[in-house]
Amino acid sequence: MKNLFSGLMIFSLLSLTLFVAGCSPEGTGGKGGSVSLQGAGASFPKPIYEKWMNEYGKVNNGVKIDYQSVGSGAGQNAIIAGTADFGASDDPMKDEDLKKAKGDLLHIPTVLGAVVLTYNLKEVKEPLKLTSDTIAGIFLGEIKKWNDPRIAAENPGAELPDTEISPVYRADSSGTTAVFTDYLAKTSEKFKEKVGTGKQPNWVQGVGVGAKGNDGVMGQVKNTPNTIGYVEIAFAKENKLPMALIKNKAGKFVEPSLENVSAAAEGSAGNMPEDLRMKITNADGETAYPIASYTYILAFREQKDAVKGKALADFLWWALHDGSEFAKALHYAPLPEAVLKKVEGKINSISSGGKSLREGAE
Amino acid sequence: MSKTGTIGDSVFRTILIIFAATIIVIVVAMIAMMVQNSLPTIREFGLGFLTGRRWQPASDIFGALPFIYGTIVSSVIALVLAVPLSLGIAIFLVEQAPQKIARPIAFMVELLAAIPSVVYGLWGIFVLAPFIRSYLGPVLQSYLGWLPLFQGRLTGIGMLTGGMIMALMVTPIVTAVVRDVLEAVSTTQREAALALGATKWETTTIVLGNAASGIAGAVVLGLGRALGETMAVTMVIGNSPQISSSLFEPAYTIASVLAANFAEATDKLYLSALIEMGLVLFLVTFIVNAFAKLLVIRVARRSGAH
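Going down the list, the sequences are from chains A and B.
With this note's numbering, the residue at position 307 of the first sequence is 307, and numbering never jumps.
With this note's numbering, the residue at position 157 of the second sequence is 1157, and numbering never jumps.
Simulated from the structure, these hints should not be mistaken for lab results.
Incorrect hints may have been included.
[To be verified] Coverage of chain A stretches by chain B, computed from C-beta distances (three or more under 8 Å per stretch; other residues unrestricted):
#, stretch
1, 72-81
2, 162-171
3, 199-205
4, 210-219
All C-beta atoms, glycine included, are put in the ideal place defined by N, C-alpha and C.
One chain only, chain A, in its complex shape (with noise of 0.2 Å):
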């Protein structure tokens, strides 16, 4: 008895001492040489962030990040409430959102994803060439065989089977959703109309099953004979899985490749908005990959905490330069350079007291 007293002592007097150390809102920051930061937000960069923070921290011994992969809309929630350092998010922030934030928030491009058709038809060797209207016709329910002529036109010699198409979309909320849905709305006035675009768009009833995740579309498409599913495509490269051509702005059919995905970001950079929120879904350019989305990191421009945003920054630096070798092996597009000059004009202008805080830096 008198032992599970003394442990229950022991015990509350840590939660207490855990729960003291997590409301001080200063943390390990500023004092010392180790400052450490929290970050929380979209699951998708969720890898290669990681990998920079571990990568990062090996070079730079007196910082640590962590990252909670809570989610676009939960990160985009914490960098407004202010209980992360910086928040992170697929999609770029709405007006009204950013008007809830204390401050001015920054939008940095960290790297670029992209969504890809993946399909499970054993009959066809060749990857499947679609276009958005056969995507769209697809994901509404009015192209309901493999077969079909609308299929079959842009895939002259594949072996399309006479069976159901079974579409399998996101049930939950996502991001991924959200380029997809954008691209075909884009395209299609149709699928505007009916699905509309976002996180968990209207699906017409009836048509394909829901599952949860990325790697839940996977697991449904990966075993279920005649099903064709949108992920993220590192997990398409990850599962060897196939991953359709799509037709480009420009006519082209492209592979979702890392420079193909690039491309459509530099494709586009012309008409990056100052704040650097942008959709570059279906854009310009002979190899651009259709769709394609930026991530972001959210930070504000003014860091109450010196020490804290001045690592934030030489880290966001770090990770854009230095840290683009490991985006690429994790099937991330870097950003190409004329969009970096963009975001390294942001990254400077974090500042503390009105004082830039990578002044005298590399």
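Let chain A serve as the given structure and place chain B on it in line with the hints.
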């Protein structure tokens, strides 16, 4: 409760009362929080929330009926499959099996209860869904295809798969409770029946008759488990908010929609709709469990009277 007079005992008693009160406070606080947070949708839709068939978060249209339908139908499928199976196992264990066999079987049933939900889900995607698509589904369609229940496209993902996975998860619980209930029926009854020349089968029917309300309690407990099951079902039910007569079509349950969407729901009305859905599930489960408790109390009292 009588006081013993020592300080130690009264301190002990106070501590216990506080512990017991905690559970009441937690339940009341949960309900209060859920009601408060679902006020926006309660005001906006009223009872229409429960009868609406359209679920379109992007357009702020929230109707919970497809989810209520999916939850109830998948749970019913689970019970229809699990109850006969569990009864059979429990009767065998109590009435027929020699100790040598009963022990390992009982152990395995308990082992089933310990397998994490997500493992059932993975097994569902990789084994059960292909099995239904390639073997069970075509057979059902060729013999019972005239029933609307077994028409439509067969992807292996849908209401039936969800119900079957749940049946597997419910079986250990129902089996364990039924076994306890059967063991509670006094041996004198069995001896009396056998002495009168009854066969094993006749004896078993008498025992079952006496344990009836306890068995009903076990079934309702199983139903409670099925209603709240989340992960495994989400992985195989297809997550499509529709009401279809076909068991092969995808469906959606309340627990699944909560699990899939709660983390990303930032819109106020959407969040409120999800919380109200949680409230509906909470109340259904609450009623079901209360019902089960009453039944179990009844059988316990009756067997005590003998």
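Structure-based check of all given hints:
1. Coverage of the stretch 72-81 of chain A by chain B holds. Counting CB-CB distances below 8 Å, 5 residues qualify, and the rule asks for three or more.
2. Only residues whose C-beta sits within less than 8 Å of a C-beta in chain B count toward coverage, and the stretch 162-171 of chain A has 3 of them, enough to reach three; the restraint holds.
3. Coverage of a stretch by a chain is defined here by at least three residues with a beta carbon nearer than 8 Å to that chain's beta carbons; for the stretch 199-205 of chain A and chain B the count is 6, and the condition holds.
4. With 5 residues having a beta carbon nearer than 8 Å to a beta carbon of chain B, the stretch 210-219 of chain A meets the requirement of three or more and the stated coverage holds.
The structure is consistent with each of the numbered hints, conforming to all of them.
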